[in-house]
Amino acid sequence: MVRAFNTIAFDAAKCDGCGDCMVACAQAKTGTDDIARSRIQIVGREKDFELALCRQCADPKCVTVCPAGALGKDGETGVIGWDASKCVDCLLCTVGCAYAGIALDEVSGHVSKCDTCDGNPACVPACPHGALKYITTANIYNEVGDWEDLFAPGLAGCQGCNTELLMRHTLRRVGPDTVLATPPGCVPGMGSVGFNGTTGTKVPVFHPLLTNTAAMLAGIKRQYKRVGREINALAIAGDGGASDVGFQSLSGAAERGEQMLFMVVDNEGYMNTGMQRSSCTPYGAWTSTTPVGAGCSAGMPSQGKTQDAKNLPLIMVNHRCAYVATASTAYMEDLYEKLDKALLASKTGFAYLHVYSPCTTGWRFPTHQNMEVARKAVETNFVMLWEFTPQKGLRFTKPVDDPLPVTEYLKVMGRFRHLSEDQITHIQGKVVENAKFVQRFSEQAHGG
Amino acid sequence: MDQAMEQTKYLIVGSSHAALEAVSAIRMHDPEGSLTVVTRDAHLPYSPTVLPYVVSGKSAPERIFLRDDDFFARNKVSYRPKAALAALHADSNTAELADGSHLAYEKLLLATGASPAIPPIPGIDTVSYHVLRTLDDALKLRDAIAKSKQAVVLGAGLVGMHAAENLVKAGASVTIVEMSDQLTAGYFDKVAAQMIEQAFIDNGAKIMTGNRVVRLEPSPVGAKLTLENGTTLEADLLLVATGVKPEMAYLNGSGVEHGQGILVDDRMQTSVANVWAAGDCAQARGFFTDTQVMNAILPDATVQGRVAGMAMAGDPGIKEYPGGVPLNTYHFFGRHAISVGSSKVPEGGEVVTRFDEKTGRYLKAIFQDGRLTGIFGVNEFFDGGVMCQLILRRIDLTDVKERLLANPLAVGREIMSKTWR
Ligand SMILES: Cc1cc2nc3c(=O)[nH]c(=O)nc-3n(C[C@H](O)[C@H](O)[C@H](O)COP(=O)(O)OP(=O)(O)OC[C@H]3O[C@@H](n4cnc5c(N)ncnc54)[C@H](O)[C@@H]3O)c2cc1C
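Protein sequence lines correspond, in order, to chains A and B. Using our numbering, the letters of the first sequence correspond one by one to residues 1 to 448. Using our numbering, the letters of the second sequence correspond one by one to residues 449 to 869.
Because the hints were derived from the structure by calculation, they are not lab data. If you're wondering where the values come from, they're calculated on a predicted model, not measured in any experiment. Take the hints with a grain of salt, since some may be wrong.
With a Cα cut of at most 20 Å, we get these calculated PhoX-like pairs of lysine-lysine [unchecked claim]: (1) 341/A / 392/A; (2) 86/A / 506/B; (3) 866/B / 47/A; (4) 398/A / 133/A; (5) 430/A / 310/A; (6) 14/A / 866/B.
Given only the sequences and the hints, what does the whole structure look like? Please build it.
If you want it as structure tokens, here you go:
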């Protein structure tokens with residue numbers, strides 16, 4: 001298993017070139033305020049700033065061209081270390097690196113490069129605009145990498161499918177002592193229930209109807225309990241199955257406090273069967289049943305969905321489930337924390353995890369953009385990440401104090417391309433209203 | 449054929465930069481296939497480039513190795529020092545080693561580098577002299593320098609200049625004899641060479657450019673040199689550093705085509721099936737010419753080794769060799785010089801220079817049609833790797849030329865972050 005590493009991430013859009021990071025680095029590394037000696041270099045002019053910083057490459061050229069064996073990548077931390085006692089100051093590394101990640105410090109006469117301050121980079125907290133982040137999600141991937149993947153290799157998902165990522169992660173975490181229910185949707189569509197008499201999972205899996213997933217899973221869990229065997233009852237359902245026809249069985253199981261973990265993969269429509277709208281499809285979105293164009297809707301012009309989405313996770317809060325949370329694959333640490341809590345809660349009651357899951361095929365964006373789309377949804381407050389327990393109430397886990405305009409989210413995909421100004425205004429208004437609405441829940445929890 | 453001849457899937461000859469990069473590239477794609485490295489050297493892998501620092505004492509000889517036994521064990525590589533390739537029998541896919549043994553390969557990489565070229569000066573075989581290419585050479589030279597009072601260095605390339613500086617610092621009186629009329633020709637232009645020369649003179653070295661040794665003979669001190677102009681010099685230490693020649697004597701009769709070096713295509717394959725070559729022994733496409741050239745520098749050896757390894761392992765991710773770009777860095781008496789790209793001014797090319805007497809900062813850049821073809825600095829630091837990308841990508845710099853020259857470090861980085869970050 002290849003290891004993942006922590007990394008310093010830079011968001012150019014948030015950088016105003018103030019240089020505080022360089023001062024912090026120079027102070028930490030040279031004891032001076034001389035920003036020319038900083039190992040992080042902000043470059044650019046006016047409003048357009050970029051970064052020169054060692055990327056701690058996986059296949060580092062500086063290391064391969066070093067004649068003295070003075071540079072080497074640490075297998076544990078991923079940091080490319082420089083050994084002063086071996087370096088001969090030949091500068092060949094600076095010729096090897098195409099990213100200006102290692103350069104001459106004219107004062108010391110040696111090369112210098114970022115060593116991430118041993119995992120506590122001085123530049124990151126110095127940035128007043130949040131343009132620098134130290135991303136530690138790698139720890140999760142390393143840990144998860146050691147767990148068994150309980151889905152068969154080679155599921156038939158679309159290229160760049162977020163759901164496949166999510167379900168593989170989830171089942172790895174929930175583990176082998178699991179019975180899995182996957183109602184009709186993308187999950188069985190790509191092969192969870194298998195082909196030709198073999199399942200697509202290494203755990204027992206079944207394929208309920210859209211309407212009875214929670215009911216069937218509840219029965220199975222109870223039967224296992226009766227025979228004295230502890231299992232995790234896990235459902236991975238789509239938003240259609242959960243919020244539309246499957247809703248009564250879901251609501252019933254939640255109301256009865258059945259001991260299960262019900263995960264909804266919300267891709268905002270029936271994507272598996274040809275991208276029809278669901279009650280989770282947002283206002284204005286194109287789907288195959290909310291088309292766009294003149295005369296395409298019974299002879300009338302149409303501009304996408306005309307109703308707002310149902311807020312299913314909030315409805316689940318109103319069931320006072322043992323645990324309810326929303327999550328996004330763009331925030332994996334947050335997702336894993338919630339998965340752990342949900343799993344624990346499912347031992348004694350009903351746990352509901354709602355994951356916003358962009359769909360490259362149905363939402364029409366390039367296959368490599370999934371995380372970016374998911375992140376933009378959060379950064380604009382189009383979706384909000386929070387968790388709820390009856391004891392502590394609702395709490396935002398990734399509060400966005402200064403949300404980007406919703407157009408930043410709408411413009412990264414094709415399903416909103418046709419929107420009129422009025423529609424955009426409607427959506428922005430809805431985002432604000434939604435945020436206030438959920439905010440009130442959280443205030444009650446803390447202030448009350 | 450004699451009974452059970454030893455077989456290996458991959459055979460790599462040589463243990464330096466090109467060879468090591470090929471090992472990594474092969475293992476990236478084929479973790480299991482049997483892999484054997486044979487090398488003439490007696491040690492673990494090290495770089496010839498570090499040797500001047502072994503000579504000066506800056507690098508401890510036992511700390512210069514680029515890989516250890518554990519690396520070869522982990523990567524399932526059979527590493528065999530003191531095993532020189534003597535003859536290649538390409539028709540039967542076998543390599544004959546100096547001890548007479550044979551090894552059968554499926555794929556062979558020749559990464560045998562270069563050796564010092566010894567000029568045919570009359571009498572050269574009657575005197576003892578030093579060269580610098582192997583660790584053993586370096587240790588001998590290090591010991592000799594400690595004792596030397598009057599030394600002569602033949603050749604003012606980077607190897608000779610490095611050694612001369614070491615000699616100066618060790619307190620010997622040093623004379624550098626160079627055939628051409630400028631130092632470090634080929635790497636640096638006249639202005640830069642002048643700055644280098646001045647630094648040496650300031651530190652007490654004698655430099656005789658445009659001079660040629662016509663005779664060598666033993667003398668009580670060591671060696672007596674007679675120059676073309678009649679001058680004679682006495683040396684207790686003579687270092688021959690007049691250039692290198694590719695190591696390829698084993699090719700004789702193998703059918704592998706060679707010119708100045710072993711001729712290879714853009715995947716480092718030779719004219720013969722199952723045989724590749726990379727590094728200082730190879731003659732590959734030049735970036736600035738359509739012909740095959742020698743570009744005997746470390747960074748290029750790694751690039752070529754990487755391409756060869758990927759080709760040998762059948763890695764579909766292979767990118768063809770873009771052609772060699774000259775790159776050099778040079779440290780002298782606490783100053784530094786960097787050269788990236790071709791020092792030749794192409795037809796219709798534009799040369800821009802700036803020189804600051806006070807700080808001794810010198811910068812020269814060559815453009816053709818707004819594209820950078822070469823950039824050279826003394827005491828002016830810029831990111832050589834970034835400049836090299838500007839050249840390789842043929843980026844149009846017409847609009848930023850002035851700014852780039854004023855501040856190559858910042859503007860280079862700016863372009864980098866907009867273009868290939
Ligand atoms: C003193 C010195 C200073 C240098 N400084 C610089 C510098 O500053 N910048 C720069 O870019 N380059 C520099 N170079 C050049 C650089 O070292 C070479 O370009 C680089 O080492 C080439 O790598 P290579 O793998 O092709 O060959 P080499 O490093 O020459 O290695 C060849 C290998 O093949 C082995 N070998 C040779 N013949 C046989 C045989 N018949 N059978 C088995 N094995 C064999 C050798 O033992 C060795 O392991 C310098 C070279 C020297 C000598």
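Hints, verified against the model:
As the CA atoms of residue 341/A and residue 392/A are separated by approximately 13 Å, the hinted pair is consistent with the 20 Å bound. Pair hint residue 86/A plus residue 506/B holds up; C-alpha atoms about 8 Å apart against a cutoff of 20 Å. Under the criterion of a C-alpha separation no larger than 20 Å, the hint pairing residue 866/B with residue 47/A is consistent with the structure, at around 13 Å. Taken as a hint, the residue 398/A and residue 133/A pair is honoured in the structure, with Cα atoms around 14 Å apart against an allowance of 20 Å.
Under the criterion of a C-alpha separation no larger than 20 Å, the hint pairing residue 430/A with residue 310/A is consistent with the structure, at around 12 Å. Restraint check for residue 14/A and residue 866/B: the C-alpha separation of about 16 Å stays at or below 20 Å, so the hint holds.
The structure agrees with every numbered hint stated previously.
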